[in-house]
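Just so you know, the sequences run in chain order R and V.
Quick note, the first sequence lines up with residues 1 to 656 if you use the working numbering.
Quick note, the second sequence lines up with residues 1001 to 1118 if you use the working numbering.
Heads up, a few of these hints could be off.
Stated by the list, open to error - From the structure, some residues in chain V lie toward chain R, with a derived Cβ separation under 7 Å:
#: 1; residue: 1050
#: 2; residue: 1053
#: 3; residue: 1054
#: 4; residue: 1078
#: 5; residue: 1080
#: 6; residue: 1085
#: 7; residue: 1088
These aren't lab readings, by the way, just hints derived from the structure by calculation.
Here the structure is a predicted model, which is why all the values come from computation and not from measurement.
The C-beta atom is built at its ideal place from N, Cα and C for all residues, glycine as well.
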Amino acid sequence: MMRKNLGPRVDRRKFLKAVAVAGASGTVNPQIASATTAAGATPAHLPSALPPTAHTIAAETGTSQVEVSRIGGIAGSDFMVDVIKTLDIKYLPANCASSYRGIHESLINYGGNKVPEFLTCTHEESAIGMAHGYFKVTGKPLMSLCHGTVGLQHATMGIYNAWCDRVPVIVMGGNDLDAAHRPPGVPTFHSAQDINALVRDFTKWDDTPVSLQHFAQSFVRAYKIAMTPPYGPVMISLDAGLQQQPIHNNGEELYVPRYTPTSPPQGETGAVKEAARLLANAQNPVIVVDRAARTENGVGLLVQLAEALQARVIDMGGRMNFPKTHHLGASVTAVNNADVIIGMELSDFWGVVNSYIDNGEHGIGINRSKIKSDTKLINISSVELNTKANYQDFQRFQSVDVSMAADAEATLPALIEAVKSAIPNDHKAEIERRGEAAKKARAEGRARTLQLAALAWDASPISTARLVMETWGQIKNLDWSLVSSSGNVSNWPNRLWPIEKYHQWLGGPGGYGVGYGAPASIGAALANRDLGRFSVSIQSDGDLMYAPGVLWTAAKHKIPLLAVMHNNRGYHQELMHVQRLSSFRNRMANLGNDMGPIGTSIMNPDIEYHKLAESMGWWAKGPIKDPAELGSAIKEAVAVVKSGQPALVNVWTQPR
Amino acid sequence: MRHQMFRAALAVLAVGALFGDGAALAASAEQGKVAFMKYGCWQCHGTQGQGSVASNGKVLAPDPLPFESFSAFVRSTNGAMPPYSEHVLPNDDLADIHAYLSSIPKPNDHTSIPLLSQ
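Using the sequences and the hints given, assemble the complete structure.
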């Protein structure tokens, strides 16, 4: 915005003098300023977490040993880097763009390309997806940069997924606001009045800072808002002029506001007690969770609540909420006979207690309640604090009896204590019997599931159950993390694998935007690499083809990941939709020369994903069509991944 | 609802009259496999009728429903599966599909498969 309006020019001699004065007062230099308070109080002289930069040394000694740049001062984007570094953001996946060249240059040169480290991406959607997956492993957000117009347009689906999945990502879009001075031609095509408008409906907050101090406040505020449950993406429009102009010595002290995490909202005491009373007195209470656990601690709390009540737990899978090996784990049908149901951070409460069949008389579906008419419903959801109007991720309205706009994990300790206090003495034997019945039901259900997995065990294309179990056979002795399961493999990992730890299942995209699996799995694998864990993904064909360039990013930055492909050679969900409509309309579906209705198959020619991966620096093998060859192929790939490289096994699979 | 039940019952009778056990017995499993793919049955049920989340866990084979029940369901379902009329899926092909599903052998017990014997 202020790009060409530099005010009084500062010559080199005057600038050096100003820098020396600023260094003495501890005000202009951002590294020093970062230790001051938001109120601009006296510098605390806290030790910096970072080594002093050339600018710091010059300012503190009053002498300059470095050649001052041609812009006539310290670049504004250097100060931006100082602000960013205070928040310990480890990586910055991004596709480069001229509208953020100022901060790009500062990050890699002034900032030393550390905290954050720039990760080269070939598509903005990949960059956001990587940040999405990274957060779900570490609980720490990443930032991304993009062109504010064309780049942000590419990034939008990833941002929408992050919004629906309650994941914080800090997105900054470069934009050249000053229409009178910005370069004509392409840069002007890439400029807009308000780039944030593009994503305002599915970000928690956005801003357009017009000064460096404004940027400092905006960035720390954006981080704080993104990281307060319910988490979510945020957007900052970054003016090209603001990045490139030098810091002005106009007497104003630049400082970096201190970040303090915000405590998540906890359920109101009265509502917690009422929920506990209903649960403690229920004959058949059921707990339903989706994104209830934000951390490993959340999993432990849910186990405590379930065991206190010996209540069955339905895990909808937005996160790993409840151990799959626990005897209280249940399928969605457990709601049918419940008298009290508590839902925690559900993305769709209506869908839990109602059924929708896409096969009504007039093709508009059949809606039925799955629960008894007098079943009491309790809801704990932080998302109620952050609902917007346009996009419909809030789903159908469900009336409940007790409703708390609160974070489930933060509310669980109080709820557990309240439940323990509320359980009547004469209910304790009954609760124990419930637990015994649950153990018996689980053992019977487990045997049925294993026998279902045996169906089509030797089929070609390979059954999804076999795909999943051959993979399991090769990783079961490692500290593994299933970072993504794109496409649909009939939920076999959750039905068959002993998923017990929070990082072993990360959930899906949130907004069901296809194309999440590949980048999110690579972002999560990056996080697991740093933690010494083995990452594995079930990678579907359609998902990979949205932006396969992210494979190159994994190889480039040495991110080890085992990607086992669920290659059913089609957009299978849509394939079934067109088949369904054809049958409704009493017509034979036109297959063309493919196996699915025209427009839904990915075959003829078949994509050789193994060659695609190889071309981008991966070890790869395939296509595997014979189930007898699958285990050994995955074993080879595991060895490669353990050596630090990504590996892909292309497997032809059954549709689901 | 009553209307629908009546229609389903009529469909069962009609199919029974057309085929009887004899027609089903004369069907070809080999042709049925081709028809199973051609009419899109594999899409939700898997190529061996093993079922999936898309079929709500329903398993077609081994041991498919008796032909009369099978046929009645295909013609008149108003559940998650769309109905297939005779106009779209001729009776002979439906009988072949049933023959194919009947030909699929039982799977091994899961305890005999190392990866499933946990």
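Broken hints, by number = Hint check: nothing fails, all pass.
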